[in-house]
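Here are the chains, one letter per residue:
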Amino acid sequence: MAAAQQLPGPQDLSDEQREAVEMLLHRLADDEFVIAERYTEWQVRAPTIESDIAVANIAQDELGHARLWYDLLEDFGYEEQDLIWERDAGDWRHSTLCELPFDEGDWADLVVRSYLYDEAEFVRLKALEDSSYPRLRDRVEKVLSEERYHREHARSWLERLCEDDDTRARMQDAVDRLLPYALTLFSPTDDEIEERIDELGLRTENLLSMRESWLDEVVATFESVGLHVEEAQLPEQYDVHHADFDLPDETGRDQTHTDAWFDLFDEFTKSYRELGRHSAMKIMKDPDDE
Amino acid sequence: MDLETVKERAGPREFSPKDEMPEEYRKAATRMIQFHANSEIMGAYLERPFIRQAPSLERKLAFSAKVQDELGHGQLLYRAAESLGIKTRDEMLDELANGQGKFLNCFHYPMESWVETPMIAFFVDGAAMRRQATLKSTSWEPYAHAMDKVCFEEGFHVKHGEAMLHELMTGSKKEQEMAQEAFEKWWPRIIQFFGPTDKQSTHHGFASEVGLKQKSNDELRRAFLNTYIPKAEKYGLEIPDTPTIEKNDDGTYNVAEDELNWDEFFQIAKNEYEPGLGQIDGRKKAQEAVAWVRESMDSHEQRLYGGGESPQAAD
Chain A
6 MAAAQQLPGP
16 QDLSDEQREA
26 VEMLLHRLAD
36 DEFVIAERYT
46 EWQVRAPTIE
56 SDIAVANIAQ
66 DELGHARLWY
76 DLLEDFGYEE
86 QDLIWERDAG
96 DWRHSTLCEL
106 PFDEGDWADL
116 VVRSYLYDEA
126 EFVRLKALED
136 SSYPRLRDRV
146 EKVLSEERYH
156 REHARSWLER
166 LCEDDDTRAR
176 MQDAVDRLLP
186 YALTLFSPTD
196 DEIEERIDEL
206 GLRTENLLSM
216 RESWLDEVVA
226 TFESVGLHVE
236 EAQLPEQYDV
246 HHADFDLPDE
256 TGRDQTHTDA
266 WFDLFDEFTK
276 SYRELGRHSA
286 MKIMKDPDDE
Chain B
5 MDLETVKERA
15 GPREFSPKDE
25 MPEEYRKAAT
35 RMIQFHANSE
45 IMGAYLERPF
55 IRQAPSLERK
65 LAFSAKVQDE
75 LGHGQLLYRA
85 AESLGIKTRD
95 EMLDELANGQ
105 GKFLNCFHYP
115 MESWVETPMI
125 AFFVDGAAMR
135 RQATLKSTSW
145 EPYAHAMDKV
155 CFEEGFHVKH
165 GEAMLHELMT
175 GSKKEQEMAQ
185 EAFEKWWPRI
195 IQFFGPTDKQ
205 STHHGFASEV
215 GLKQKSNDEL
225 RRAFLNTYIP
235 KAEKYGLEIP
245 DTPTIEKNDD
255 GTYNVAEDEL
265 NWDEFFQIAK
275 NEYEPGLGQI
285 DGRKKAQEAV
295 AWVRESMDSH
305 EQRLYGGGES
315 PQAAD
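Same order as they appear, the protein sequences are chains A and B.
Its first residue numbered 6, the first sequence is counted upward by one per residue in the working numbering.
Its first residue numbered 5, the second sequence is counted upward by one per residue in the working numbering.
Mixed in with the good hints there might be a few duds.
[What the hints assert, rightly or not] The calculated PhoX-like cross-link candidates involving lysine-lysine, where the alpha carbons are at most 25 Å apart (straight line), are: (1) B/163 with A/287; (2) B/163 with B/91; (3) A/287 with B/178; (4) B/178 with B/153; (5) A/275 with B/106; (6) B/22 with B/106; (7) B/189 with B/235; (8) A/290 with B/163.
Keep in mind that the hints were calculated from the coordinates and are not lab data.
Just chain B, same shape as in the assembly:
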C-alpha cells in the first residue's frame, strides 16, 4: 500500500498485519506503541516499592494487582508493536534497558512517599486514560484491540487512585498537608504529560494523517483539565499557582505553558534526566541479574524444540 492510500483510508482499526503497510507507517506505529509499552513497564517499576508500603492489607492487594496489570499491558503492547515487523520484543526490552527506549515523562521522577501514589494512580493514570480512550480508534488494529483490555483495566486503576486520594484527603490534617505538598510537586509534570503544544510536537502531523493518533496534545490536555481540575478541587486540593491557569467563559481552561520547565521535559525525553537515569539503570541491573535464567530458558527450548523459531514462553 502506498502512503497516499494509507492516508485516504486512515480510519479506526483500518489496518492489520494482513495489509502491506509502508515502512514509514510501520515505523511511526512502532515508535508510538513501543513508547506506550515502555511506559507501562517503567510505571510499574516506579510503583512496585509501594506495594510494600501500602498501609492496609487490602490496599496492598489492590496495589500488587495494579502493578501486575501494568506488566500485562506492557506484554500486550509489545506484541502489538511486534506485529508491525520492525522490532522484536527482546529488542525493545533491550533498548529500554540500555537507555534508548523512551517513555512517559512522569515515570522518570522518583517517588519517595506513599502520598505520591495517587498522583500517579489518579492523575497520571487519569491523563493516560484520556489518551488511551482515543486510541481505541487508532488505525493499527492490534493497537486498538490492546486498548480495549488496557482501558477496561485502567478504569479500575483510576478508581484505586481516586480511593487512595480520598483516604488521604479525608484523613488527618497531616495527611492532607502531605498530599497537598505531593500534588504541588507533581502538578506541573502532570500537565506536561501531554507533551508540548501541537506546534512544537515533531511527530504529530504524520501520526494523525495516517490515523494512528486521534487527538492532538492540546485537545487531550484541555479535556483532562476540564475533568480533573474540578475533581482535585472536590477532594480539597488547591491548584498550584504555577503554571497560571485561566478559566474561560465556556468553562474550559487556558494554561500558561511557557511557565513550565520545558528544558527539563526535553532532557527527560532524551533519557538524560539524572534522577530518571537511576530508574532506567536500576531496572537494567535487575534485568541483568536474572539474565542467567533467560539464557537457561533459551537452552531449555533448544533442547525441547531444536533450533528455529522459538515458541512463546510457557508461563
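Next comes chain A alone, as it looks inside the complex:
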C-alpha cells in the first residue's frame, strides 16, 4: 500500500480527520480498558500464585495501553472523566468479547479469550505501525513489545490445556462460546467512518483484511491443538468475505452491548459516584514525558 499522506498534529486536523482519529482511538482504548477490567477478576483467584501474577501483569499492561490511547484522546480537549467515569455506558465502543463476565473457575475462558484477543491485538497493531497519524504511530512500538509476551502466555496455556480430553472439552466450550464475540473485534463502528480511517491511512489494513489474517492464524492454531471451529457456527469459516457472518446481536462497536456491560460499568464507576468526584486524579507522569 502506498504511503498515505502524513496527518498533522491534533490541533490541525480537519473535523472529518479528527472524527476518524477519535473513532480509531476509542476502538483501541475501550477494548484495552474493558478487557483489563475483566482480567483483574482473576487476581487472587487464578490456579497458582505464578499464574495469578502473570495474569495481573497482563491486566496492568492492557490498562497501561488504555492509558496511552485515552491520553491521545485528551489531545482533543477531553478529560479522563469524559472518556471513562462520566461517559454514558451506552457510548462505549469496545468489542463485546471484552465485556463478557467470567464464570468462577473458568480458566479455559481466560485462556481462549486472551488468545483470541491478543492475536487480534497483534494484527491491528501491525496495521498501525505505519499509521499516517504520528501521535498514534509513535506509541505502537511500546504496546507491541508488551503484546509479544501476552501472545506467548496465551499460546502456551492453550497448548497445555489441550493435551488431555477433559480439559480440551472445556477449551472447546470456551471456543464455541467466544469465537462469535471475538469476531466483533473486527466489526465496524460506522461504515462510513471506518472507510475514512482506511482512506486517511490511519491504519494500513482494513477490518475485513485484518479479520482474514487473524482467522487464518487462530483457526490453524486451534486445529493444531485439536479444537474445532465448526461448532462455533462460522458459516464459511475461511471465507471472511461472506456477508452473513453469525455475529452476536451485540457487537459493541456500534454501541450495542450485553447486559453484563451495564453491570460492569456500574461497578467500576461506583466509588467515583459515591465519593461525588468530578474529575480523575492523575498520579503518574504524562505519557509524553515518560
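Starting from the known structure of chain A, arrange chain B on it as the hints suggest.
Only chain B this time, still in chain A's reference frame:
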C-alpha cells in the same frame, strides 16, 4: 545444633538451610513465616475488589500492581517457610483454604467502601512496615532475605496508601466525613494489629530468644503510634476516644488496652470470627473452582518429566 547453641548464636541472618536446626526452631520459624505469607494472600484477597472500584485509571493501575506485589510476597515467603523443611507450600495453601492457616487480624474484616482502602494501605501496611523492617535482622536468613524485597515494595504501598488518604482528606466535605467514619471503624483493629501486650503473648519468649523476633509487640505498637498518630492528625483525622490514648511527657503514648475488644481478637486468631470466615471460605471456593487446572498442570508435568520431584511451575 542444640537449642542452647542456637540461643547463644542467635543474631541477624545467623542461620540458613546449611545449618542443622533443631525442630523447635524450625517449627517456630515456620509458624511465623507461614502466618506472614498467609497474611499477604488474605490481604490481597481483601483488597482485590477495589482494583475495580478505583476512581481513576492511574489509581487502578497502582492498585492492581499492589495486589500483585502482595501475591509475590506470599510466593517469596512460602518459599522461605518451605526452606525450614516442616511444610510444603501446597500444605500451607491447603491449610489456609480449610481454615487452619492463621493470618493478621485486620484481614478478617470485610471491606465495603473505597474510603476504607487507605485504612489498610496506609495504616495497616504502615504498621506491617514497622514489624517487617525489624525482621530484616531475623535469625533465619531466607526470611530476612525475603524481607529485603518485601520492605522495598511495601515502601511504595504505604506511599500509595498515603496518597489515597490525602486525596480523600483534601476532597469534598463528604469524602472527609466518610474517611473519618472509616478511620473510627478501623482504628481499634489497627492498634490490635500488634497483638496483645507482651505478657499475654504466648509465642513471644521463644521466638525472641532464638532471634526470630527482634522487637516485642509493645515496642512495635509504641513506635507505630509515635509515627502514625501525628500523621493521622496531619491529614485531619480525629483520633477516636476509644481506646484512651495518653501522651507522655517524652512524646510517647500509652494505650488503655483493656478498652479494646480482645474477645473478638482471640476469636479472630482462632479463625472463628464469622465475617472473616466468609473471606476464608470465599478464597477456598475460588481455589476449588480452578483445582481442575492445577490437576491438569500436574499431569502435564508427569508427561514431561515422568514421576519424581516436580519442577517449579513454568509461569
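Go through the numbered hints given earlier and state which of them the structure violates, listing their numbers in rising order. Per hint list: 2, 4, 5, 6 violated.
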